[in-house]
Amino acid sequence: MQKAKKMLTGSVLALIIVFFMVFYTDSHKMLVYGENLDETAVTVDGEALSLEDIAFYVAYEETMIEKQAEIYSLSDADAYWKQYVGGENVKEAGKQAVLDMAVHDEIFYCMAKEEGLELSPEENAALVSKEGDFWADLTEEQKERLGVTEQKISDTMFRLALAEKYQTVLTERNSFDEEDHTYESYGVSGSNYKKILEDHTYSVNEKVWDKIDFGNVIVER
3 MQKAKKMLTG SVLALIIVFF MVFYTDSHKM LVYGENLDET AVTVDGEALS LEDIAFYVAY
63 EETMIEKQAE IYSLSDADAY WKQYVGGENV KEAGKQAVLD MAVHDEIFYC MAKEEGLELS
123 PEENAALVSK EGDFWADLTE EQKERLGVTE QKISDTMFRL ALAEKYQTVL TERNSFDEED
183 HTYESYGVSG SNYKKILEDH TYSVNEKVWD KIDFGNVIVE R
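Counting in the working numbering, the sequence shown tops out at residue 223, every number present.
Think of the hints as simulated: they come from the structure by calculation, not from any bench.
Remember, it's a predicted structure, so these values are computed and weren't measured experimentally.
A hint or two may mislead.
Said to hold, decoys possible - List time: in silico DSSO-like cross-link candidates among lysine-lysine, alpha-carbon distance up to 30 Å: (1) K196 <-> K209; (2) K167 <-> K197; (3) K145 <-> K132; (4) K154 <-> K31; (5) K115 <-> K154; (6) K213 <-> K84; (7) K132 <-> K31; (8) K209 <-> K84; (9) K197 <-> K115; (10) K115 <-> K69; (11) K84 <-> K69; (12) K132 <-> K167; (13) K132 <-> K154; (14) K145 <-> K84.
Given the sequences, and given the hints that come with them, work out the whole structure.
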């Protein structure tokens, strides 16, 4: 009887251990980007931006860092991603940059729409060319890993273009003070943008974003 109780206790403990091992592994498992596009990455002023919505920024930032990495060391580009520049890890800084750009452009896009700002025919034509170039530069494998359509990329780049135009409008509107109101000052890390940001809210869905292996979405390490 005593032996049977010990065996039962041992079995229960074993099941508990297995359960926690499975739970721990699952909770720390990275998400496959292209298979989780509907998941919310960040919410800006109550508007949820999904992984699909910010896919362009992920692809853009990974591509830019990878180009720098290849210049750094063609034979060992991975080493660059692990570098620390200005006290920040390149990979983590790039991942944060994705969110920063997405939040910035969402805010400026909405502000532009509120003021009735539109792209000119010439700006639209230039945008179409940029969209085509960006999509063409991605390999078929990268497109598959990213998981979004060319139309989605085009939609995001349109919003980005309108946000950039609004950034120019803000700069020109305050051109009387060139030192404090440069185009860069309304950029992601600019002082004037930070003042604007104080009037807006955003929150990162860390349960999802922490499981995105930035640097391995379209760039295979």
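- Query: Within a Cα-Cα threshold of 30 Å, do K213 and K84 meet the stated pairing?
  - Reply: 18 Å, holds
Under the criterion that the straight-line Cα-Cα distance not exceed 30 Å, is the pair K209, K84 satisfied? Cα-Cα ~23 Å, so holds.
Compare the distance between the alpha carbons of K145 and K132 with 30 Å, and conclude whether the hinted pair is satisfied.
Roughly 17 Å between the alpha carbons, so the hint for K145 and K132 holds.
Pair hint K167 and K197, alpha-carbon separation not exceeding 30 Å: 19 Å, holds
**Q.** Pairwise hint evaluation, K167 against K132, where the allowed Cα distance is 30 Å at most
**A.** Holds. K132 to K167 sits at ~15 Å (cutoff 30 Å).
Open item on the list: For a C-alpha distance cap of 30 Å, please report whether K84 and K69 respect it.
Closed with: 15 Å, holds
Against the 30 Å threshold, does the CA-CA distance of K145 and K84 hold or violate the hint? 25 Å, holds
message = For a C-alpha distance cap of 30 Å, please report whether K115 and K154 respect it.
response = Cα-Cα ~19 Å, so holds.
30 Å limit on alpha-carbon distance, applied to hinted pair K196 and K209:
It holds: about 26 Å lies between the C-alpha atoms, which stays within 30 Å.
Taking 30 Å as the top limit, are the C-alpha atoms of K132 and K31 close enough? 35 Å, violated
- Restraint status (C-alpha distance of K154 to K31 at most 30 Å): 27 Å, holds
#### Entry: 30 Å Cα cutoff - pair K197, K115
20 Å, holds
Going through the hint list in order, the structure does not satisfy hints 7 and 10.
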